[in-house]
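A.B. asks: Read off the chains here:
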Amino acid sequence: MGNSSVQPVMPRSWRVDTKPHKFCPGCGHPLILKCLGQAIDELGIQDRVVFGCDIGCSLLSWDFFDLDTVQTHHGRTTPVMTGIKRARPGLICIAYMGDGGGYSIGVQHLVSAAARGEKITAVLANNTQYAMTGGQMAPTTLPGQKTETTPYGRDPETTGFPLPGQDMVSSVAGEGAYVARGSIANPRQLKSFLKKALENQMSEKGFSFIEALSACPTNWRTNASETWDFVERKMPAYFKAGEIKVPAGGQGEVQKDG
Amino acid sequence: MSDRIVEAYTGEYAGGKSENAVNRALELARQSRKVTLVDLDIVEPVYTLRPIQEELKALGIAVIAWKTRDTVGLGEAGTILKPGARWALRHEGDVILDIGYGVEGAKTLNLLEGANTEPNLKVIAVINISRPMTAGVEDIVEHVREMGKVDGLLNNTHLGNETTVEVVQEGARVVAEAAKCLGLPVVATAAAVGIAEEIGPVDCMGNPVRALERFMQKAFW
Amino acid sequence: MQKLFENEKKAFMTGNEVVAWAALAAKADIMYGYPITPQNEIMHYWTRLAPKFDKKFLQTEDELSAGFTTIGGVMAGRKAFTATAGPGNTLMQEPMSMAEMMRLPTVVVVQQRGGPSTATVIYSQQEVNMTALGGNGEGLRIVYSTSSHQELFDYTIKAFNTAWKYRFPTFVLGDGYQAKMRESLTLYEPESRGINLIEPEPYLGKAGVPGVDRPPAQFRNTFSMEEELYELLMGYVKDYEKIMPEVAEYQSSGVEDADLVIVGHGIVFRAIRAAVDTLRRRGLKVGYFRPVTLRPLSIPQIRELTAGVKKMLVVESAYGQLARLIKEVAYGGTAEMLTMYRPGVGITAEEVEAEAEKILK
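Residue numbers (the working numbering), protein chains in the order written: chain A, 91 to 348; chain B, 95 to 315; chain C, 716 to 1076.
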């Protein structure tokens, strides 16, 4: 690798032999997974994490990490990880999904896991559409946004408004839940949210849920500056970044490493 | 109405509550007493007395239970109280209550108007020690204590078609010991007709033996 | 863990209760479940017993979740199971297709109810298609169809061993009659009868740091290449075909000289057996064949039968779900295949007897 000197440092928990990864150029997933990898590294939990990924582009993450992983069905990652956690509470379970998986086909699982206070961490990449199936409308599609199933733009009159998934989850999640929305536009913040979410699970406080605003230039048909404009300006108009729910009395004691 | 008989048969799922309630009602009816038999199984209203109620009515028992044609859709709904059952204690004469199972099965009595003030109400816990949840003295004591008001135990130990006299007598011994721990009387030992004849009028602990005609087999399907 | 039963003992129970005790006897660790009649008392008794034996239970939001959490439990290396029926079994097909793809030893107890749709809540044999061949796959499953409480106990224990030994999703197929019916059976510790309980092992969350101490354990169910899927699947099929002879179970009687062999499974088999006993006593040459496993079937025995006897009568509380499985195996045989279909309703010995008499007249 002649140009290794200019490569950024990979998180330790990444699986080197599966890189370069298979996501499209400009995709938001690798950025989210980098933040997640860094959070795992900093917490020193690589030996205890079990990572589940959904169907959709998120499925490409199945061999992304040096972690034990399972690719589940569309929308069903939350119950699979719930099942693992209930059976082996010592494991740290991460359910990774897209907005279609979490907010549409698997919404009952996400909401119910939040309501029961499952001690797992759900991470949802929001790119405002179904990417792997070719760019159809998702619950998160912005009003007016063109997708393959809203060729004239999403009309809220007939298809509703973007789903406020974070509000939905935080409104049913218990006192100990941690719910936050980050963005690939602010990786430092996203990493800190992911880390707090994992800490929340480790201290057995409750459910934790991170939505990450992501990008899909391939389906958006956007160049780099248009992509960033969409992520940094258009999406936050509907999806505000920040911590929506923090456990009462703080996060409690967790073992930290780095 | 002061000398009327009001008995509620309660206890573990599949312990023999219905069979004993039906037979008790029949026994009273045969003494030309006015008897109302009430199906209070609100967990499984599609089972229990529904299929045999016409037969019981022909034997002179007034029955408050669902009819098949009234239960469309209730199979899934499950917990449904027949409105008439709520007022069962207002009926004149004897009232025999067949209480359904469930964690809070015994609390079903709270659904009856006048249950708290009915002076003649006797709650009888039906025990079959062949049921694993009520197999030993400790299990029975724990089980009965969870039930709230109980006035007596009834030994209904059997193994279906494999029942022997010894199976029933062993039940009589265990139930009697549990009753002693609980400070409650044993009301009777119940056994299917043939077995009851073999045992005689009293069981090995000196408690009266009730002979059961088996109705509930017909109630199943 | 304390012993469940000091000695073998006779007990009087409902079928659902039997399943809960059998799961305990099989040393199941966790049940995931969603309410649906007629399997509810499996959960009721499991939840009553679980804390006494340090076992776990999770009530999920639906059967999709019940199936997928069961998958999670199994992948974590625990003996996990669920129970369902009818429309719940329909939803269960999605997680079970994942279990087929990843060779996961899930155990599902199905208490069949009427269908299609919500239908009736107690009885049918209409979940044979779905349980044996459901999901978007090839039916690489093992299905035991029980006919008594003793069998519910025996085969629920066996199902856990079969699942963990062969790593195919395993089903115990009962029905609401068996679920609610009361009869006696003998309870025992499997070990006391020389049954060696297979220890589960984790698929995920193994010891050591993945990528450092060992390769990561990674499981997928999507494939880019058709050939890749083909190769994997044909490997599974080969494994399945190899184990078929040792997994398949059946019961038969009086078939050697029979003019008519009556075929049925589950609780209907009880009616068939009683009818055959009566007919034999009356000197009629009638026998029965009962598949205990519906998937895989005892193929050589069925082939032999259909090549030897004149007539076979398939009796079921469904409209040909069992018959379709039997006919596929019997193809090429010379026996005339007659049917008695009663979808969604019970079948008595007298009805079977009358049908057989009509045929033999």
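Possibly wrong hints are sitting among the right ones.
No farther apart than 16 Å at their CA atoms in a straight line, the calculated lysine to aspartate or glutamate pairs in the EDC-like style are these [to be verified]:
no., chain 1, residue 1, chain 2, residue 2
1, C, 724, B, 186
2, C, 1025, C, 1066
3, C, 1026, B, 236
4, C, 1025, C, 974
5, C, 880, C, 971
6, C, 724, B, 271
7, C, 880, C, 916
8, C, 725, B, 236
9, C, 921, A, 257
10, C, 742, C, 974
11, B, 274, B, 207
12, C, 880, C, 954
13, C, 742, C, 956
14, C, 1026, C, 971
15, C, 767, B, 236
16, C, 767, B, 264
17, C, 767, B, 260
18, C, 724, B, 264
19, C, 725, B, 256
I should point out that these hints are in silico values taken from the structure, not numbers from a laboratory. Nothing here was measured: the structure is a model prediction, and the numbers come from that model.
A.B. asks: Each hint should be assessed against the structure and marked as holding or not.
C.D. replies: We went through each hint and held it up to the structure:
At most 16 Å may separate the alpha-carbon atoms for a hinted pair to count; residue 724/C and residue 186/B exceed this at roughly 45 Å. Annotation: proposed proximity of residue 1025/C to residue 1066/C is violated, straight-line Cα distance about 21 Å (limit 16 Å). As the CA atoms of residue 1026/C and residue 236/B are separated by approximately 57 Å, the hinted pair breaks the 16 Å bound. Only pairs whose Cα atoms come within 16 Å are accepted, and residue 1025/C paired with residue 974/C is accepted, the gap being roughly 6 Å.
Straight-line distance between C-alpha atoms of residue 880/C and residue 971/C comes to about 34 Å, which puts the hinted pair past the 16 Å bound. Proximity of residue 724/C to residue 271/B is assessed by CA-CA distance (about 21 Å); at most 16 Å being required, the pair is judged violated. The hinted pair formed by residue 880/C and residue 916/C meets the criterion: a straight-line CA distance of about 11 Å does not exceed 16 Å. Of the pairs offered as hints, the one joining residue 725/C and residue 236/B is violated, with about 22 Å between alpha carbons and a cut-off of 16 Å exceeded.
Taken as a hint, the residue 921/C and residue 257/A pair is broken in the structure, with Cα atoms around 36 Å apart against an allowance of 16 Å. Using a Cα cut-off of 16 Å, the hinted pair residue 742/C and residue 974/C is violated, with the two alpha carbons roughly 45 Å apart. Taking the CA atoms of residue 274/B and residue 207/B, the gap is near 32 Å; set against the 16 Å cutoff, the hint is violated. This hinted pair checks out: residue 880/C and residue 954/C have alpha carbons roughly 12 Å apart, not beyond 16 Å.
The suggested pairing of residue 742/C with residue 956/C is violated, with an alpha-carbon distance near 28 Å, which exceeds 16 Å. About 13 Å separates the Cα atoms of residue 1026/C and residue 971/C, which keeps this hinted pair within 16 Å; it holds. Straight-line distance between C-alpha atoms of residue 767/C and residue 236/B comes to about 14 Å, which keeps the hinted pair within the 16 Å bound. About 26 Å separates the Cα atoms of residue 767/C and residue 264/B, which puts this hinted pair outside 16 Å; it is violated.
Taking the CA atoms of residue 767/C and residue 260/B, the gap is about 30 Å. The hint is violated against a cut of 16 Å. Restraint check for residue 724/C and residue 264/B: the C-alpha separation of about 14 Å stays at or below 16 Å, so the hint holds. Annotation: proposed proximity of residue 725/C to residue 256/B holds, straight-line Cα distance about 10 Å (limit 16 Å).
Hint violations for this structure: numbers 1, 2, 3, 5, 6, 8, 9, 10, 11, 13, 16 and 17, all remaining hints satisfied.
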